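Trainee: Sequence:
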Amino acid sequence: MCGGIDTLVSQAFGRKDYYLCGVYLNTARLILVVLAVLQTLVLVNCRRIFELLEQPADSAEVAQQYILAVLPGLFLNMQFECLRRFLLVQGVYNPILYILVGSLLLHMCSLYVYLILLDLRIVGVAVATATTYSINFIALTLYVHLKKNLVRRESWHCFDLNSVMQIPRYLRFGLPSC
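The sequence shown begins at 1 in UniProt numbering and counts up one residue at a time.
Any given hint could turn out to be false.
To be verified - Cβ pair distances, simulated, as ranges:
| # | residue 1 | residue 2 | range |
| --- | --- | --- | --- |
| 1 | S177 | L105 | 27 to 33 Å |
| 2 | T141 | R169 | 21 to 27 Å |
| 3 | D160 | I116 | 22 to 28 Å |
| 4 | Y112 | V37 | 43 to 49 Å |
| 5 | S177 | I49 | 22 to 28 Å |
| 6 | I116 | L161 | 49 to 55 Å |
| 7 | Y19 | S177 | 20 to 26 Å |
| 8 | C46 | H145 | 16 to 22 Å |
| 9 | C109 | E54 | 20 to 26 Å |
Calculated directly from the structure, the hints in this document are not laboratory data. Because the structure is a prediction, the values reported are computed rather than measured. Glycine is no exception: its CB is placed at the ideal position from the N, C-alpha and C atoms.
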């Protein structure tokens, strides 16, 4: 669903309509919040879904454990992906690279702690993954917020009515990218 950012923000950025770039970012974020709620409703019931599909009960249980532990991170990863694409179409590459490399190193350390030291098994993998997703989103958001000249200030603004009004236009570009 983040694919709409590539087209819409690129067009707005090319027209130097930086405020509209931010509107499209906020529109994408708003849509992803709604999708995350719907996704959560399905995923918290994955064990039942797997059982209806006649999957082994132990596999369904392990999948349920993993999903419940990774779910908070999935929401933040969706938001990270929006911000990543928003920055890429504006030619901002290095902060994303540095944050992803740094979080990869932290991910390996957290996997060691959760899997080897604490022996948390599948839940440990999920918690490590959710932690990495959270670090990626928080670090990139803070970097953009604190680095004054990284993006145009007009494009970095809060939600407003324009973000809601652009939902139909965004969906025309975002849905085919799914």
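Trainee: Going through the earlier hints one by one, which of them does the structure break, listed in rising order?
Mentor: 3, 4, 8, 9
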